[in-house]
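A.B. asks: In case you want the letters, here they are:
4 protein chains.
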Amino acid sequence: MLEQLKEEVFQANLALPKHGLIKYTWGNVSAYDPETQYFVIKPSGVSYEEMTAADMVVVDLDNKVIEGKMNPSSDTPTHAVLYKAFPEIGGIVHTHSTWAAAWAQSGLDVPAMGTTHADTFYGSVPCARFLSQYEIDEGYEHETGSVIVETFRERELKPLEVPGVLLHGHGPFTWGKDAHSAVMNAVVLEEVCKMNLLTRQLNSFAEELPQRVLDKHYLRKHGANAYYGQK
Amino acid sequence: MLEQLKEEVFQANLALPKHGLIKYTWGNVSAYDPETQYFVIKPSGVSYEEMTAADMVVVDLDNKVIEGKMNPSSDTPTHAVLYKAFPEIGGIVHTHSTWAAAWAQSGLDVPAMGTTHADTFYGSVPCARFLSQYEIDEGYEHETGSVIVETFRERELKPLEVPGVLLHGHGPFTWGKDAHSAVMNAVVLEEVCKMNLLTRQLNSFAEELPQRVLDKHYLRKHGANAYYGQK
Amino acid sequence: MLEQLKEEVFQANLALPKHGLIKYTWGNVSAYDPETQYFVIKPSGVSYEEMTAADMVVVDLDNKVIEGKMNPSSDTPTHAVLYKAFPEIGGIVHTHSTWAAAWAQSGLDVPAMGTTHADTFYGSVPCARFLSQYEIDEGYEHETGSVIVETFRERELKPLEVPGVLLHGHGPFTWGKDAHSAVMNAVVLEEVCKMNLLTRQLNSFAEELPQRVLDKHYLRKHGANAYYGQK
Amino acid sequence: MLEQLKEEVFQANLALPKHGLIKYTWGNVSAYDPETQYFVIKPSGVSYEEMTAADMVVVDLDNKVIEGKMNPSSDTPTHAVLYKAFPEIGGIVHTHSTWAAAWAQSGLDVPAMGTTHADTFYGSVPCARFLSQYEIDEGYEHETGSVIVETFRERELKPLEVPGVLLHGHGPFTWGKDAHSAVMNAVVLEEVCKMNLLTRQLNSFAEELPQRVLDKHYLRKHGANAYYGQK
Chain P
1 MLEQLKEEVF
11 QANLALPKHG
21 LIKYTWGNVS
31 AYDPETQYFV
41 IKPSGVSYEE
51 MTAADMVVVD
61 LDNKVIEGKM
71 NPSSDTPTHA
81 VLYKAFPEIG
91 GIVHTHSTWA
101 AAWAQSGLDV
111 PAMGTTHADT
121 FYGSVPCARF
131 LSQYEIDEGY
141 EHETGSVIVE
151 TFRERELKPL
161 EVPGVLLHGH
171 GPFTWGKDAH
181 SAVMNAVVLE
191 EVCKMNLLTR
201 QLNSFAEELP
211 QRVLDKHYLR
221 KHGANAYYGQ
231 K
Chain E
1 MLEQLKEEVF
11 QANLALPKHG
21 LIKYTWGNVS
31 AYDPETQYFV
41 IKPSGVSYEE
51 MTAADMVVVD
61 LDNKVIEGKM
71 NPSSDTPTHA
81 VLYKAFPEIG
91 GIVHTHSTWA
101 AAWAQSGLDV
111 PAMGTTHADT
121 FYGSVPCARF
131 LSQYEIDEGY
141 EHETGSVIVE
151 TFRERELKPL
161 EVPGVLLHGH
171 GPFTWGKDAH
181 SAVMNAVVLE
191 EVCKMNLLTR
201 QLNSFAEELP
211 QRVLDKHYLR
221 KHGANAYYGQ
231 K
Chain U
1 MLEQLKEEVF
11 QANLALPKHG
21 LIKYTWGNVS
31 AYDPETQYFV
41 IKPSGVSYEE
51 MTAADMVVVD
61 LDNKVIEGKM
71 NPSSDTPTHA
81 VLYKAFPEIG
91 GIVHTHSTWA
101 AAWAQSGLDV
111 PAMGTTHADT
121 FYGSVPCARF
131 LSQYEIDEGY
141 EHETGSVIVE
151 TFRERELKPL
161 EVPGVLLHGH
171 GPFTWGKDAH
181 SAVMNAVVLE
191 EVCKMNLLTR
201 QLNSFAEELP
211 QRVLDKHYLR
221 KHGANAYYGQ
231 K
Chain V
1 MLEQLKEEVF
11 QANLALPKHG
21 LIKYTWGNVS
31 AYDPETQYFV
41 IKPSGVSYEE
51 MTAADMVVVD
61 LDNKVIEGKM
71 NPSSDTPTHA
81 VLYKAFPEIG
91 GIVHTHSTWA
101 AAWAQSGLDV
111 PAMGTTHADT
121 FYGSVPCARF
131 LSQYEIDEGY
141 EHETGSVIVE
151 TFRERELKPL
161 EVPGVLLHGH
171 GPFTWGKDAH
181 SAVMNAVVLE
191 EVCKMNLLTR
201 QLNSFAEELP
211 QRVLDKHYLR
221 KHGANAYYGQ
231 K
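Protein chains in written order, with full-length UniProt numbering: chain P, 1 to 231; chain E, 1 to 231; chain U, 1 to 231; chain V, 1 to 231.
Rather than coming from a laboratory, the hints here were simulated on the basis of the structure. Ideal Cβ positions, reconstructed from N, Cα and C, are used throughout, including at glycine. The reader is advised that the hints may include incorrect statements.
Said to hold, decoys possible - From the derived model, a few chain U residues whose C-beta atoms are all more than 10 Å from chain P:
| hint | residue |
| --- | --- |
| 1 | E3 |
| 2 | S74 |
| 3 | E150 |
| 4 | L202 |
Stated by the list, open to error - Below, in silico cross-link-like pairs of lysine-lysine (DSSO-like), each with a Cα-Cα straight-line distance of 27 Å or less:
| hint | chain 1 | residue 1 | chain 2 | residue 2 |
| --- | --- | --- | --- | --- |
| 5 | P | K84 | P | K69 |
| 6 | V | K84 | V | K64 |
| 7 | E | K64 | E | K84 |
| 8 | P | K158 | E | K23 |
| 9 | E | K23 | U | K18 |
| 10 | U | K23 | V | K221 |
| 11 | E | K18 | V | K177 |
| 12 | V | K18 | E | K158 |
Please model the entire structure based on the sequences and the hints provided.
C.D. replies: Here's what the structure looks like:
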């Protein structure tokens with residue numbers, strides 16, 4: 001079942017090491033099928049050299065394995081929470097990519113300092129707080145999803161306008177309308193984290209991008225009046 | 001029409017990811033034909049894997065598509081302004097290359113700190129100001145070109161002596177006598193931005209290259225008495 | 001003799017340049033055979049292009065060559081001391097990987113600042129002290145092993161919970177249950193050293209990972225209740 | 001003539017981009033033949049893709065072209081001065097490699113902070129001063145060589161014990177007993193420049209390697225009692 005989605009998720013997983021975002025098995029991609037309300041996700045701890053599309057695991061939104069011989073990614077409950085809370089998204093990526101992980105370890109939001117950021121993220125990418133002991137005991141991966149949702153609710157952010165988050169002390173999650181765009185957003189976030197760190201080293205007083213330029217760049221690529229790319 | 005120039009522009013576009021200057025479609029190269037007063041430019045938002053030389057778009061200096069089935073790069077009006085204002089140039093490159101983008105985000109000129117810089121750029125590479133709201137509303141990409149031209153006029157710079165610029169909060173534009181040399185200048189600028197940032201980290205008091213060494217290196221490669229390379 | 005272990009050690013040595021951990025011959029891998037109490041190690045100063053599995057040298061715990069036509073790695077006595085003191089380990093890696101060497105040169109322990117660290121190392125990776133003149137004269141490589149063992153004894157660390165160490169002014173040693181996992185731990189340590197340095201640049205007050213998150217991540221991958229990966 | 005040396009110099013030149021030390025044509029390698037007192041050097045400004053062993057130029061110590069259809073490297077007079085002053089060396093490399101160039105731009109010597117350094121360079125790698133206007137007018141490339149020689153004389157350094165130098169505002173020259181070892185020393189210097197810059201970022205008070213460890217590492221690889229590698 002969901003053979004095409006499995007192939008998409010498999011290819012999106014392979015794109016992570018190709019883009020230099022992960023080493024070994026430190027990442028996972030999933031994609032959601034609105035019709036069945038199932039999602040397809042990478043199996044846990046399987047090397048990219050050995051993995052095939054058929055190894056992808058089909059899971060429902062309560063984390064029950066619907067199809068597949070292997071354990072799904074240990075981060076599966078985080079994905080499930082996000083698909084439930086953000087119905088507009090269709091794909092999710094988690095990595096430990098170096099520069100985004102460094103920002104996550106620093107506990108800082110990633111401010112919009114340039115148009116590379118503004119072309120994809122409409123404002124700062126937030127850094128979500130550490131989980132409490134209680135939350136860890138309740139279910140670490142499920143509560144990780146809840147803290148991401150809490151962060152977006154509290155800051156009144158729209159998931160497709162700011163398609164990513166950092167987890168304090170951990171690394172980034174990104175998402176998008178499908179697995180492919182979630183991967184692309186992971187690449188952008190990693191690059192923006194690198195550019196912004198270097199910018200701060202050059203000029204610790206460097207200002208954020210003026211709102212007018214943020215608006216212009218985000219809106220020429222997204223929304224009703226976008227004019228970037230082909231029709 | 002302009003089949004050879006299309007091939008040159010196509011190859012120069014492919015050189016950008018090869019040199020690590022861009023990810024996805026974040027860049028564009030054009031080249032100018034003085035006889036027809038048309039220029040050839042990359043189509044907007046098309047992936048490098050799928051692109052062919054035949055997809056290059058022929059545009060006139062008023063941004064009218066003369067030949068081509070696809071939309072030209074959204075940055076086309078910036079290129080047009082530069083070809084009009086700087087008749088000595090024949091190729092233009094725009095990228096979001098990491099280290100040059102970090103300098104652009106910092107809002108600082110790139111000073112000539114070494115001979116790698118001096119071999120190509122005869123003095124600092126300027127960082128052009130943000131556009132005003134009025135300019136953005138008038139036509140963001142066209143006015144971006146105007147601000148570059150304004151920067152060169154105000155500082156009395158010659159476009160082939162300083163073949164590049166940073167846009168505050170955005171990234172670099174470089175140019176040259178043709179598309180190939182514009183790419184080469186983009187590579188040099190990225191490398192110089194990296195070297196200079198590292199230099200500042202080592203020694204925040206590091207001095208600029210003395211004028212006598214800047215003169216020597218620039219002039220042994222450029223101008224009437226150049227003696228670098230083969231005849 | 002020990003043909004399979006030779007092949008494993010050979011492949012693990014080849015993995016070092018593949019993962020970008022070494023240049024030229026600046027590294028070595030060994031693996032231990034508990035039955036014979038011999039270990040297999042890379043020959044000294046032989047290039048990776050020319051090396052074959054048959055060139056691996058079999059040595060006993062007193063550094064006597066048991067089989068092999070070439071000199072074993074000059075670091076052989078360090079490996080021997082570690083196998084004697086840490087009977088639970090089966091493979092050892094030494095590199096001069098860039099970011100770990102920078103931490104080693106700084107003389108600082110590598111604190112646990114993120115989950116990338118916590119997934120492999122259960123706490124800080126210690127930096128062992130310089131050898132004294134007396135120790136250098138007694139036998140530099142043997143005493144290097146002794147200082148590593150001293151460091152783990154003094155800090156009451158378990159070798160498989162913290163499977164690596166930095167040598168002040170030198171570089172990392174990592175280990176594991178076999179040569180393959182020792183290489184994997186070398187990759188993790190290098191990556192963590194990079195992430196942590198970048199984190200400090202972003203936020204010099206960045207806090208270490210809370211103990212509760214360190215516990216959770218380490219223990220979901222290691223120990224009796226681990227649930228990461230396949231059965 | 002000197003066909004084998006041409007092949008060696010050609011291969012050593014190709015090794016520079018392979019090791020990531022140069023872009024385009026920003027580097028050159030030569031090797032000396034003591035019998036004829038000629039040296040073989042890369043032609044000026046020729047791309048590595050098009051270059052063949054037959055394009056290498058044979059020059060005498062007065063910079064006269066003995067054989068070859070192309071102009072020799074514009075840095076030829078620097079090489080000639082070094083071969084005359086340092087008869088123990090047989091190969092020379094010049095690059096603008098990123099991290100070494102950053103140190104050169106900073107005007108600082110590269111201190112021995114680790115064993116990666118000590119395995120090749122027996123103490124700090126000096127940074128030679130800028131040339132005066134008079135020296136530039138007299139002959140920039142020849143005087144560059146003279147300033148290197150002056151630096152080694154004043155500091156009482158032996159060229160094979162410290163097989164390299166930085167030129168302030170420019171980049172590194174390295175050398176060795178032949179072209180291959182000169183390339184290897186260029187790789188080491190680049191790596192050491194990177195490690196040391198990172199070390200300073202981690203700990204601005206990081207100390208230099210104690211003399212006893214510098215002695216031990218240098219002397220276990222070099223000199224009468226060396227025991228690294230095969231016989």
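A.B. asks: When the hints from earlier in the document are held up against this structure, which numbers fail?
C.D. replies: 4, 11, 12
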